[in-house]
Each structure stands twice: as structure tokens, then as C-alpha cells.
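**Q** Protein chains in written order, with the numbering used here: chain R, 1 to 114; chain U, 1 to 115.
Since the hints were made in silico from the structure, they are not lab data.
Small disclaimer: the values here were computed from a predicted structure and weren't measured.
Heads up, a few of these hints could be off.
[Unchecked claim] Straight-line Cα separation of at most 20 Å, SDA-like style, residue types lysine to any residue; simulated pairs:
no., chain 1, residue 1, chain 2, residue 2
1, R, Lys61, R, Gln2
2, U, Lys83, U, Ile38
3, R, Lys49, U, Leu96
4, U, Lys42, U, His29
5, U, Lys83, R, Ser52
6, U, Lys78, U, Ile60
7, R, Lys61, R, Ser26
8, U, Lys78, U, Leu96
9, U, Lys42, R, Ser3
10, U, Lys42, R, Lys113
11, R, Lys68, R, Ser26
12, U, Lys42, R, Ser52
13, R, Lys49, U, Glu103
14, R, Lys68, R, Gln42
15, U, Lys83, U, Gln17
16, U, Lys42, R, Gly62
17, U, Lys42, R, His10
18, U, Lys78, U, Val47
19, U, Lys42, R, Tyr32
20, U, Lys42, R, Tyr27
21, U, Lys83, U, Asn28
22, U, Lys42, R, Lys68
23, R, Lys113, R, Arg77
24, U, Lys42, R, Lys61
25, U, Lys42, R, Pro7
26, R, Lys113, R, Lys49
27, R, Lys96, U, Leu39
Listed here are the chains, written in short residue letters.
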Amino acid sequence: AQSVTQPDIHITVSEGASLELRCNYSYGATPYLFWYVQSPGQGLQLLLKYFSGDTLVQGIKGFEAEFKRSQSSFNLRKPSVHWSDAAEYFCAVGLKAAGNKLTFGGGTRVLVKP
Amino acid sequence: EPEVTQTPSHQVTQMGQEVILRCVPISNHLYFYWYRQILGQKVEFLVSFYNNEISEKSEIFDDQFSVERPDGSNFTLKIRSTKLEDSAMYFCASTLTGVGGTEAFFGQGTRLTVV
Numbered sequence: 001a002q003s004v005t006q007p008d009i010h011i012t013v014s015e016g017a018s019l020e021l022r023c024n025y026s027y028g029a030t031p032y033l034f035w036y037v038q039s040p041g042q043g044l045q046l047l048l049k050y051f052s053g054d055t056l057v058q059g060i061k062g063f064e065a066e067f068k069r070s071q072s073s074f075n076l077r078k079p080s081v082h083w084s085d086a087a088e089y090f091c092a093v094g095l096k097a098a099g100n101k102l103t104f105g106g107g108t109r110v111l112v113k114p
Numbered sequence: 001e002p003e004v005t006q007t008p009s010h011q012v013t014q015m016g017q018e019v020i021l022r023c024v025p026i027s028n029h030l031y032f033y034w035y036r037q038i039l040g041q042k043v044e045f046l047v048s049f050y051n052n053e054i055s056e057k058s059e060i061f062d063d064q065f066s067v068e069r070p071d072g073s074n075f076t077l078k079i080r081s082t083k084l085e086d087s088a089m090y091f092c093a094s095t096l097t098g099v100g101g102t103e104a105f106f107g108q109g110t111r112l113t114v115v
């Protein structure tokens, strides 16, 4: 069955430290890949997306993600975390052959220590 | 920047009552969606809508749910007889060309509480 997994439910990181959030998918073909962020009480904001081409994609707020086909992964990274990055992060995938919709991972909640 | 707007932001309703959640998608978008997120759980797809009809729906989207685009700008989700387990955050989204073409823009959500 098709699925999206975010192995880490919570991550705590110190301000200024680097951050990496993991995302793995299980699909028969390479899907379209997205990372969304949800701040408390807010909606879902797109950080970045991968459709094709360069496997390292840059997004907003200093985030980047790398698509690795061999590992079926699309991990999100940020070199230096700011306190405002505290939020919940969702990996999502879409595949036209699987319907015109997004399937979300369970989310990773990021806490930032001063 | 264009945005998807949802109203109300929070709705409390009694079990068995009908609720209508409203969304105004981005004006030139063609594909519309409802997702929901039960507290502490993942965001789940409910239904997609294109060309004035449902293009796909999930198992969650049973006969108690319906969607409508009544006037070319609004996109509504109706729950006919709410149950306690319908309590969740409901997100509306829209895209120009569907998954893979362009990104999906999400609204701020409507928190539905069924008591």
C-alpha cells in the first residue's frame, strides 16, 4: 500500500543548530514531493516541492530538501534553526496515477530551545 | 499574494446537527479539495472536485458528506448529521492544475467541535 512515513514524532533542537527531518515514501513510481509547515493555530504553508530535475531543492525560510530515489526519501534540512521555526512539519506526496490528491505523513513537531 | 480563505475559523455544533464549512479558493484555480486533521493525527484527504463534480473521494467521505460549488467562487463542505468523531480541523485547498502541476494552497482551516 502507498504510504508516507515521518519516523520522528518530536524533535528538539537548540537555536542556531542544524535540523534534519526525515520522510520516506512507499510508492510504485516517483511521486511529487512536498514539505508543508503548520505553525500553531495556522494553516499549512508550502516550504518546498520536488517535481523533477535537480534532486536538491531550495525552499522558503532557508529550508532545503534532497530527493534520494534509491532510499525513497525526501529529507528536509535547515543549517541554522531560528526560534520561529518551532512548528509542525508535514511531508506530503502526490501521484497522478494514485489520484489527484496529496497523502501526508504523520508530521514531526519541532521544538526550539533557546 | 493570493490565498484560500475559510469560514468560520471555529464552529461548535451539537451532535446530529448539520454544518456547512465554507471556502473561497484562489480565483483561477480549477481543482478543489477538502482535507481533515483529527487532533494529534495526520492530515487526511476527504474529497477532490474538478469541473463541477467530485473527481475522487476517500472512504471517510460517506453519505453524510457533500460538497458544492454553488456560485463559481465558494466551495462548501456539508456534514448532514454530525457525529462526535467528526470533530477535527478541516482544510480547504486549491490548485491550478492538480497534483504535480502546481502547488496546493491551503486555507487556515475550520476547527469543528461536535459536542
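**Q** Determine for every hint whether it applies to the structure shown.
**A** Going through the hints against the structure:
1. Lys61/R x Gln2/R: violated, 30 Å
2. Lys83/U x Ile38/U: Holds, at about 13 Å.
3. Lys49/R x Leu96/U: holds, 15 Å
4. Lys42/U x His29/U: violated, 25 Å
5. Lys83/U x Ser52/R: With a Cα-Cα distance of about 42 Å, the restraint between Lys83/U and Ser52/R is violated, given a limit of 20 Å.
6. Lys78/U x Ile60/U: OK: Lys78/U and Ile60/U at ~13 Å, within 20 Å.
7. Lys61/R x Ser26/R: It is violated: about 28 Å lies between the C-alpha atoms, which goes past 20 Å.
8. Lys78/U x Leu96/U: Roughly 23 Å between the alpha carbons, so the hint for Lys78/U and Leu96/U is violated.
9. Lys42/U x Ser3/R: holds, 12 Å
10. Lys42/U x Lys113/R: Distance of about 25 Å is beyond 20 Å: violated.
11. Lys68/R x Ser26/R: This hinted pair holds, its Cα atoms lying about 13 Å apart.
12. Lys42/U x Ser52/R: Roughly 26 Å separates the two Cα atoms, so the pair is violated.
13. Lys49/R x Glu103/U: holds, 8 Å
14. Lys68/R x Gln42/R: Since the Cα atoms of Lys68/R and Gln42/R sit roughly 30 Å apart, the hinted pair is violated (cutoff 20 Å).
15. Lys83/U x Gln17/U: Between Lys83/U and Gln17/U the Cα gap is close to 9 Å, so the pair holds against 20 Å.
16. Lys42/U x Gly62/R: violated, 25 Å
17. Lys42/U x His10/R: holds, 14 Å
18. Lys78/U x Val47/U: The given pair, whose Cα atoms are some 12 Å apart, holds under the 20 Å limit.
19. Lys42/U x Tyr32/R: holds, 18 Å
20. Lys42/U x Tyr27/R: Roughly 18 Å separates the two Cα atoms, so the pair holds.
21. Lys83/U x Asn28/U: With a Cα-Cα distance of about 34 Å, the restraint between Lys83/U and Asn28/U is violated, given a limit of 20 Å.
22. Lys42/U x Lys68/R: Violated, because 23 Å separates the two Cα atoms, which is more than 20 Å.
23. Lys113/R x Arg77/R: Holds - the C-alpha atoms of Arg77/R and Lys113/R are around 17 Å apart, at most 20 Å.
24. Lys42/U x Lys61/R: Outside the cut-off at roughly 23 Å; violated.
25. Lys42/U x Pro7/R: Holds, at about 13 Å.
26. Lys113/R x Lys49/R: violated, 28 Å
27. Lys96/R x Leu39/U: violated, 28 Å
Going through the hint list in order, the structure does not satisfy hints 1, 4, 5, 7, 8, 10, 12, 14, 16, 21, 22, 24, 26, 27.
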